[in-house]
Amino acid sequence: MSAQPVPPQDSAAHDVAAASAPERNVVTEAPAGEVVLKITDLCVRFPSDEGPVNAVQDLTYEARLGRTLAIVGESGSGKSVSSMAVLGLHNPKRSTITGSILLDGNEIVGADESLLRRLRSNTAAMIFQDPLSALHPFYKVGSQIAEAYLAHNSVSKDIAAKRAVEMLELVGIPNPARRAKQYPHEFSGGMRQRAMIALGLVNNPKLLIADEPTTALDVTVQAQILDLVKDLQREFGSAVILITHDLGVVAEVSDDILVMYAGRAVERGLAKEVLARPQHPYTHALLQSLPSASEDSDQLQTIKGSPPSLVHLPSGCSFHPRCMVKDRVPGDPCATLLPELRVSSPGRQIRCHLTNPESVLDQEVVS
Amino acid sequence: MLIYIARRALMAVSVLLVVLVATFLLFFAGPSDPAQAMCGELRCTPQRLEDIRRSLGTDRPVAEQFTEYFKGLAVGREIYVSGAPRTCSAPCLGFSFRTGIEVKEALATRFPNTAMLALMTMAIFLTVGISTGVLAARRRGTALDRGVVGFSQVFGSIPSYILGLLFALYTTVLYPILPRYANRSDGLGPWFVGLIAPAIILGLIYATGYVRYARASMVDTLNQDYVRTARSKGISEQKVVYRHALRAALSPVVTILGLDMAGLLSGTLVTEHIFGVDGIGKFAIESLRNDDLPIIMGTVLIGCVLVVVMNLIVDIAYSFLDPRVRLS
Chain G
247 MSAQPVPPQD SAAHDVAAAS APERNVVTEA PAGEVVLKIT DLCVRFPSDE GPVNAVQDLT
307 YEARLGRTLA IVGESGSGKS VSSMAVLGLH NPKRSTITGS ILLDGNEIVG ADESLLRRLR
367 SNTAAMIFQD PLSALHPFYK VGSQIAEAYL AHNSVSKDIA AKRAVEMLEL VGIPNPARRA
427 KQYPHEFSGG MRQRAMIALG LVNNPKLLIA DEPTTALDVT VQAQILDLVK DLQREFGSAV
487 ILITHDLGVV AEVSDDILVM YAGRAVERGL AKEVLARPQH PYTHALLQSL PSASEDSDQL
547 QTIKGSPPSL VHLPSGCSFH PRCMVKDRVP GDPCATLLPE LRVSSPGRQI RCHLTNPESV
607 LDQEVVS
Chain D
2 MLIYIARRAL MAVSVLLVVL VATFLLFFAG PSDPAQAMCG ELRCTPQRLE DIRRSLGTDR
62 PVAEQFTEYF KGLAVGREIY VSGAPRTCSA PCLGFSFRTG IEVKEALATR FPNTAMLALM
122 TMAIFLTVGI STGVLAARRR GTALDRGVVG FSQVFGSIPS YILGLLFALY TTVLYPILPR
182 YANRSDGLGP WFVGLIAPAI ILGLIYATGY VRYARASMVD TLNQDYVRTA RSKGISEQKV
242 VYRHALRAAL SPVVTILGLD MAGLLSGTLV TEHIFGVDGI GKFAIESLRN DDLPIIMGTV
302 LIGCVLVVVM NLIVDIAYSF LDPRVRLS
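Those protein sequence lines, which keep their order, are chains G and D.
Note that the first sequence covers residues 247 to 613 in the numbering used here.
Note that the second sequence covers residues 2 to 329 in the numbering used here.
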């Protein structure tokens with residue numbers, strides 16, 4: 247985790263991706279902190295008229311105190327669905343969840359409502375993408391934060407209200423006492439997201455899940471919000487899961503990265519290493535498609551094709567119809583055989599049939 | 002906030018003025034001739050017709066009648082009834098052509114009957130309609146939900162005069178489990194219980210609409226991000242549903258409620274008639290049969306004023322319900 251000043255947002259990812267790769271034998275930093283969240287073989291399925299939607303399949307990962315895990319993927323890759331499952335926010339009547347989600351030692355899959363209520367906000371809290379729609383338009387910002395505090399602490403309303411003002415101050419909202427008495431529509435976008443973070447942290451949770459916290463914000467405000475999340479994490483030592491499709495954000499704040507495609511994890515490892523030397527063809531293509539400020543190109547690089555339907559997933563590897571290097575795999579198993587998530591190098595896992603991914607991807611020019 | 006209310010009130014007043022002019026033109030300058038109706042078919046001589054016209058004041062030019070009428074509304078006026086002058090204090094709605102009773106007074110004695118029926122009806126359709134709608138929304142897609150929606154649609158499309166008649170027949174005539182309507186002069190107790198029967202059937206008919214409004218609105222708000230946020234706070238599901246979702250779901254319902262209450266307070270024509278409730282609606286129908294213009298106009302005017310006033314109340318209620326409205 248580097249505490250260097252944050253470089254301007256748009257070039258950050260590119261710089262990291264283009265930087266010379268760290269030595270491979272610089273072994274993974276010892277994972278710091280206790281495991282707060284351990285997800286094993288998680289599957290989330292929703293019924294639909296066309297058949298079950300396999301939103302998340304065989305997902306396994308963990309989040310540790312003091313570390314930031316970035317979950318990256320396109321829309322519909324299952325990143326939000328999997329993290330909403332952590333708080334038990336899927337309606338059990340309209341979803342089928344299997345596998346295991348251990349949150350601070352508590353099994354979430356199949357947990358009853360009272361356990362979920364105790365854990366929500368208190369052990370794990372969530373910050374949502376668009377703070378304008380995620381805050382209730384009819385209630386004052388301060389009372390919305392106080393409500394979450396009151397749900398888990400037997401204190402008077404006055405004390406909860408004071409706590410809300412403290413939290414607003416903590417997240418850098420000027421004049422917090424006055425702001426607490428205002429409605430969400432009286433806040434600017436950045437201020438609203440700060441208030442949302444204050445709401446997320448009011449019960450000092452061990453795990454904070456930020457679901458695309460900067461997507462609805464201006465670029466300049468994005469950087470401020472990311473800095474804030476990072477500072478607060480350092481102060482509280484909590485685990486952070488950052489859900490994003492923005493690789494620039496990943497480069498700035500994450501320790502670990504999990505890349506998802508069509509509901510499955512395709513690559514896992516240290517953020518720095520994965521961004522510098524991706525091993526999965528999808529991660530590689532994602533990094534290639536980042537617009538670059540230095541290269542002279544009037545066309546954006548894209549990944550051919552479109553994400554698959556989660557109802558009718560492709561056979562074999564879900565990514566094979568779009569994969570540029572599937573011909574390099576001997577025996578052509580990509581269209582028929584689903585690759586397992588396997589350790590490809592120390593601290594790195596990929597779901598790919600390629601035996602020597604780095605050498606292949608280094609030569610490959612994605613066009 | 003005050004500016005918002007003042008602006009709304011000003012708009013309401015201007016709408017009211019337009020309505021006054023429109024109703025006047027519709028009735029007094031319209032094709033119906035009350036003198037002809039009063040004169041009767043058989044012994045009506047031209048001389049007699051002319052006399053009646055003069056006594057009613059309908060022989061004078063429209064513009065003159067118009068100023069007289071508005072002067073009466075604003076400050077009161079004198080009206081010749083059967084040759085003798087009678088004072089009619091502001092707001093003057095005139096005297097009945099038929100009975101000579103002052104319209105204002107006739108309406109004032111009947112309004113409490115209509116108003117009590119309206120309030121009782123509202124109590125029924127709000128509690129039944131909203132609670133059932135919320136229940137259906139929370140169990141969306143289940144057999145219960147489909148049953149509720151289906152039943153409300155079928156029940157709601159049966160004409161109210163059929164339901165009213167059947168209900169009156171079965172509960173007050175064949176099996177007199179509910180008391181019949183009694184006048185207020187017979188005591189407030191009998192009067193109140195006498196209104197229960199019409200209030201129940203009217204309340205249930207209106208409830209079918211509210212079930213669907215409340216359900217649709219709740220389905221929408223239950224899917225809102227802020228409800229997910231509320232749930233992620235670890236508060237009870239009751240609070241999520243009632244404090245967060247229902248609060249937001251009610252604001253569109255309030256709009257419809259305002260209009261429905263305006264309608265109910267200006268008199269339910271059919272139900273009052275069926276159950277014999279001596280309210281504005283029944284009164285209006287009777288006067289319509291008699292071509293009793295001042296009364297017809299009085300009832301129409303009350304209806305219009307109620308619509309405007311209820312809209313104003315809805316607008317003000319909105320600003321309390323939704324803080325975002327206060328700024329605009």
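The set of hints was computed from the structure by calculation and includes no laboratory data.
One or more hints might be untrue.
[Said to hold, decoys possible] So the derived list for chain G, only partly shown, Cβ under 7 Å to chain D, looks like this:
1) SER360
2) ARG363
3) MET372
4) PHE374
5) SER379
On a predicted model such as this, the values are computed, not experimentally measured, just so you know.
Cβ coordinates follow ideal geometry from the N, Cα and C atoms, glycine included.
Chain D contact restraint for PHE374(G) - C-beta distance below 7 Å: holds, 6 Å
Residue hint SER360(G), partner chain D, criterion CB-CB below 7 Å: violated, 9 Å
Given hint MET372(G) near chain D, where the shortest CB pair must fall under 7 Å: holds, 5 Å
SER379(G) as chain D interface residue, shortest Cβ-Cβ below 7 Å: holds, 4 Å
Hint check, ARG363(G) versus chain D [nearest Cβ-Cβ separation less than 7 Å]: It holds, given that the least Cβ distance between ARG363(G) and chain D is near 5 Å, below 7 Å.
This entry does not satisfy hint 1, going by the numbered hints stated previously; all others are met.
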